[in-house]
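Engineer: Based on the provided sequences and hints, a complete structural model is requested.
2 protein chains.
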Amino acid sequence: MQLKAQLGGDEGKHVFVLKTAKGTRDYNPKQMAIREKVFSIIISCFKRHGAETIDTPVFELKETLTGKYGEDSKLIYDLKDQGGELLSLRYDLTVPFARYLALNKITNIKRYHIAKVYRRDNPAMTRGRYREFYQCDFDIAGQYDAMIPDAECLKIVYEILNELDLGDFRIKVNDRRILDGMFAVCGVPDEKFRTICSTVDKLDKMAWEDVKKEMVNEKGLSEDVADRIGEYVSMQGGQDLAERLLQDPKLSQNKQAFAGLTDMKLLFSYLELFQVTDKTSSEKVRTTETQVLVASAQKNLLEERLKLTSQLWNAGIKAEVLYKKNPKLLSQLQHCEETGIPLVAILGEQELKDGVVKLRNVASREEVDVPRADLVDEIKKRTL
Amino acid sequence: MQLKAQLGGDEGKHVFVLKTAKGTRDYNPKQMAIREKVFSIIISCFKRHGAETIDTPVFELKETLTGKYGEDSKLIYDLKDQGGELLSLRYDLTVPFARYLALNKITNIKRYHIAKVYRRDNPAMTRGRYREFYQCDFDIAGQYDAMIPDAECLKIVYEILNELDLGDFRIKVNDRRILDGMFAVCGVPDEKFRTICSTVDKLDKMAWEDVKKEMVNEKGLSEDVADRIGEYVSMQGGQDLAERLLQDPKLSQNKQAFAGLTDMKLLFSYLELFQVTDKTSSEKVRTTETQVLVASAQKNLLEERLKLTSQLWNAGIKAEVLYKKNPKLLSQLQHCEETGIPLVAILGEQELKDGVVKLRNVASREEVDVPRADLVDEIKKRTL
Chain A
1 MQLKAQLGGD EGKHVFVLKT AKGTRDYNPK QMAIREKVFS IIISCFKRHG AETIDTPVFE
61 LKETLTGKYG EDSKLIYDLK DQGGELLSLR YDLTVPFARY LALNKITNIK RYHIAKVYRR
121 DNPAMTRGRY REFYQCDFDI AGQYDAMIPD AECLKIVYEI LNELDLGDFR IKVNDRRILD
181 GMFAVCGVPD EKFRTICSTV DKLDKMAWED VKKEMVNEKG LSEDVADRIG EYVSMQGGQD
241 LAERLLQDPK LSQNKQAFAG LTDMKLLFSY LELFQVTDKT SSEKVRTTET QVLVASAQKN
301 LLEERLKLTS QLWNAGIKAE VLYKKNPKLL SQLQHCEETG IPLVAILGEQ ELKDGVVKLR
361 NVASREEVDV PRADLVDEIK KRTL
Chain B
1 MQLKAQLGGD EGKHVFVLKT AKGTRDYNPK QMAIREKVFS IIISCFKRHG AETIDTPVFE
61 LKETLTGKYG EDSKLIYDLK DQGGELLSLR YDLTVPFARY LALNKITNIK RYHIAKVYRR
121 DNPAMTRGRY REFYQCDFDI AGQYDAMIPD AECLKIVYEI LNELDLGDFR IKVNDRRILD
181 GMFAVCGVPD EKFRTICSTV DKLDKMAWED VKKEMVNEKG LSEDVADRIG EYVSMQGGQD
241 LAERLLQDPK LSQNKQAFAG LTDMKLLFSY LELFQVTDKT SSEKVRTTET QVLVASAQKN
301 LLEERLKLTS QLWNAGIKAE VLYKKNPKLL SQLQHCEETG IPLVAILGEQ ELKDGVVKLR
361 NVASREEVDV PRADLVDEIK KRTL
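So the sequences go chain by chain: A and B.
My numbering puts the first residue of the first sequence at 1, with every later residue one more than the last.
My numbering puts the first residue of the second sequence at 1, with every later residue one more than the last.
None of the hints are false.
Identical copies go unnamed one by one, so any copy, or any two together, can satisfy a pair.
Here are the simulated lysine-lysine pairs, DSSO-like style, with alpha carbons at most 30 Å apart:
| no. | residue 1 | residue 2 |
| --- | --- | --- |
| 1 | 19 | 80 |
| 2 | 105 | 30 |
| 3 | 307 | 47 |
| 4 | 381 | 30 |
| 5 | 324 | 30 |
| 6 | 105 | 37 |
| 7 | 62 | 30 |
| 8 | 30 | 380 |
| 9 | 105 | 19 |
| 10 | 325 | 380 |
| 11 | 37 | 116 |
| 12 | 22 | 105 |
| 13 | 47 | 19 |
| 14 | 19 | 74 |
| 15 | 328 | 380 |
| 16 | 30 | 328 |
| 17 | 62 | 19 |
| 18 | 68 | 19 |
| 19 | 30 | 68 |
| 20 | 74 | 22 |
| 21 | 37 | 172 |
| 22 | 299 | 328 |
| 23 | 74 | 219 |
Think of the hints as simulated: they come from the structure by calculation, not from any bench.
As the structure is a computational prediction, the values presented were derived from the model and not from experiment.
Structural biologist: The following block contains the structure:
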């Protein structure tokens with residue numbers, strides 16, 4: 001009652017417009033209960049993969065955002081100049097993350113960030129689009145051997161979409177080098193790559209005929225070139241398509257496309273190990289909750305490491321693996337020391353032959369051989 | 001690397017100011033891990049007490065906030081007028097809550113809301129104060145029998161501060177009617193109540209001598225009157241002080257003060273039942289997690305209900321009790337049906353004599369007598 005009286009204002013005469021700002025909404029308790037469930041599925045997955053989380057302010061210096069979003073910059077919310085710094089509400093979580101890395105001179109981090117972002121758009125609210133909405137970002141920053149982190153990101157998307165139980169889904173992957181190579185062999189002039197790229201991007205919402213019209217009539221591409229692009233963009237597939245395009249005499253001659261397709265093939269091989277497959281077929285504060293690092297003492301065991309890691313994730317174990325083909329055992333143990341991971345599952349030729357894993361307690365340095373079938377239970381028992 | 005390249009801007013020439021906005025900060029993974037722990041203690045407590053949660057947008061129509069914060073309105077962040085509505089960042093969670101209640105015509109709700117608020121202040125960041133900071137609000141809206149919800153709010157503050165393990169603490173309680181009555185009997189003119197009130201408020205930061213100077217020199221109070229106020233505000237105590245002031249011949253003659261002091265005495269009696277004492281001495285989506293409602297079938301069992309509720313909270317059971325001296329059994333059962341509480345612990349004369357509680361399954365309507373000593377385990381077993 002007192003609260004409501006406050007709403008009248010001091011004079012109590014002015015008629016009050018009772019609404020939320022355009023493009024925004026309240027969440028009532030029922031909606032909040034659902035949101036909590038969804039977020040808890042997403043966060044559990046991020047934590048199972050050993051991610052840390054960070055938070056950044058809701059606004060940034062205006063100049064931090066300037067020039068990062070091309071045409072969309074007009075959709076940024078600016079704060080009023082009330083004396084002091086010029087500020088804008090964040091438009092996504094990626095630019096603030098980049099600012100965070102640069103400011104703190106961080107080169108390597110696996111982090112997630114779940115927070116609201118702001119876009120002065122005219123969204124179709126009936127279709128669930130708003131001016132204030134959540135993004136759930138997961139990024140791996142750093143330089144690693146090709147495609148290993150990329151495969152983990154896709155594994156994460158796959159796990160979350162499965163657990164949310166939303167029905168069938170399709171994950172689309174791309175490599176900018178394949179697109180650029182394709183434009184080159186189709187005869188798109190260099191200076192038009194960028195603008196043609198944004199037209200191709202519209203295939204989500206527009207039919208090919210309309211996309212072609214825009215290329216020819218608005219962007220000035222010749223009909224021939226557009227038709228050649230049309231052939232490529234109509235293709236769909238996974239590993240098989242990557243292999244088919246590597247046989248394409250024109251495309252495989254293009255350095256960029258060849259590199260992109262080779263990596264794409266590698267990516268799909270890792271996805272198979274991670275079982276991302278077509279379904280129709282201590283004292284110091286720890287910042288992750290990872291229970292075990294999957295390691296090897298010898299070379300050429302990357303595939304076995306990835307396979308075991310995937311088995312652990314599937315069993316609900318929080319596990320990590322270093323993104324390196326042949327990491328030294330010492331550097332794998334150091335990673336555990338630094339981040340507080342309590343256990344290491346070590347694979348070697350002998351262990352593989354015997355069907356066991358050497359389970360090492362990082363703190364005590366004790367090692368025991370555990371049969372593969374008992375590994376999950378043993379890890380659970382030791383990390384209650 | 002790509003992320004960082006983005007930070008250079010399109011031209012890559014401009015020298016970049018790398019910082020967060022004034023009065024704001026990032027949270028690194030270690031700080032986030034601590035924040036998560038603290039929030040999880042607070043949220044568990046709110047849920048144990050049967051609260052729902054809501055969320056509101058980070059900005060409101062400017063006019064929703066206008067006139068709600070007195071002098072502090074100058075600290076509100078306004079958004080730039082980019083065409084469309086005039087917006088401001090929320091300054092607290094109370095006014096958006098009041099707007100939510102009015103907009104949705106809600107009169108009764110027990111909700112918590114944990115979110116960031118924004119104040120264009122010049123805070124001492126070295127002392128942990130910021131322009132962007134979290135508030136953890138818990139409010140009970142509605143009209144209930146006197147002091148029962150107030151006692152639960154204090155129980156919650158008490159539980160949280162204990163669990164956070166921050167060391168000794170003191171919770172200060174007030175009743176505006178006592179303050180107003182005290183001003184009246186001291187001889188403060190009616191029209192000066194409000195301004196003298198804000199001076200008294202400074203006793204937190206200023207010595208009495210300086211507060212008195214402000215009253216006399218700036219606010220024009222006579223020295224006599226100020227001295228009389230000084231006597232009252234120097235008093236400290238709990239139940240004992242409420243009783244002592246009820247014996248004060250002048251104060252107890254004042255209607256307002258008498259009502260305030262009587263309620264304050266009642267509040268302290270409930271706090272004793274809740275053990276807030278001086279330590280130096282289903283299918284449908286549920287929006288709360290309450291396991292059991294403590295109910296009675298007969299009159300005059302409020303004290304027994306509160307005592308049992310407190311015992312359950314202390315044992316970690318999520319429990320609720322209706323804020324009514326003599327609620328009907330039917331309305332207590334209806335509350336369970338509406339909010340999905342699965343169990344009711346029913347007290348009656350006979351049960352008290354026998355040392356048992358009648359435990360009722362709301363869905364099946366089955367009732368069994370459970371010995372008091374087994375009640376916690378039985379509730380835990382049934383609400384796994």
